[in-house]
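So the chains spell out like this:
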Amino acid sequence: AQRVTQPEKLLSVFKGAPVELKCNYSYSGSPELFWYVQYSRQRLQLLLRHISRESIKGFTADLNKGETSFHLKKPFAQEEDSAMYYCALSGQTSGSRLTFGEGTQLTVNP
Amino acid sequence: KAGVTQTPRYLIKTRGQQVTLSCSPISGHRSVSWYQQTPGQGLQFLFEYFSETQRNKGNFPGRFSGRQFSNSRSEMNVSTLELGDSALYLCASSAGGEPRGQYFGPGTRLTVT
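As they're listed, the protein sequences go chains A and B. Anchor point for the first sequence: position 71 equals 71 in the working numbering, and the numbering is continuous, going up by one each time. To convert, count from 1 in the second sequence and add 110; that's the working numbering.
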């Protein structure tokens, strides 16, 4: 079975502060991990994926297989980062199927 | 390219009725996946269609069904609606059925009264 856990439903930081959104997963094989973001009144969109090892809008995420985590980080949060963030996993034989975490609502205060 | 479109955007139905939702993927995309989003359960996978064949299915009752047409457009149907079926139904498309490039539609908000 595959499972994704985001322990924080709400996270509030001040502009310019570092932010870390936590994601833990359980999966017996080698998963693909993703972060999706949903800004207010917009559709769900892919932010980044672990396989690309990319930085998007200043966000990075490293897959830690030992701790089964894929935390999302940004050194200096901006007000426009306020959104709902979802961590998602796809298994080796899952095709397009994504298992999502519960989501973390990030608020960046001025 | 135009994004994923879903129709209708909002729907109100009565318990016991059935409903059909439609999803048009990005041009050239052959895979369409459906998800149910509720405040209590979050985002849950319903099923995936690739080249008109159901390739993956989530843990939902048989009242939930879908299909895909030769132009990759997909429909999902829910029969004998229950109050708990009230949710936002999202579809996502990708080119080859892999999750790396999934693009989501705006969703259809279904309310069952």
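These are calculated hints, taken from the structure and not from any lab test. Note that the structure is predicted; figures quoted are calculated from it, not measured. Virtual Cβ for every residue (Gly too), placed ideally from N, Cα, C. Incorrect hints may appear among the rest.
[Stated by the list, open to error] Example chain A residues on the side facing chain B (calculated, C-beta under 10 Å, incomplete):
| no. | residue |
| --- | --- |
| 1 | 43 |
| 2 | 45 |
| 3 | 83 |
| 4 | 94 |
| 5 | 102 |
Here is how each hint holds up against the structure:
no.: 1; hint: 43; verdict: 5 Å, holds
no.: 2; hint: 45; verdict: 7 Å, holds
no.: 3; hint: 83; verdict: 14 Å, violated
no.: 4; hint: 94; verdict: 7 Å, holds
no.: 5; hint: 102; verdict: 5 Å, holds
Hint 3 alone, counting from the list given before, is not met by this structure.
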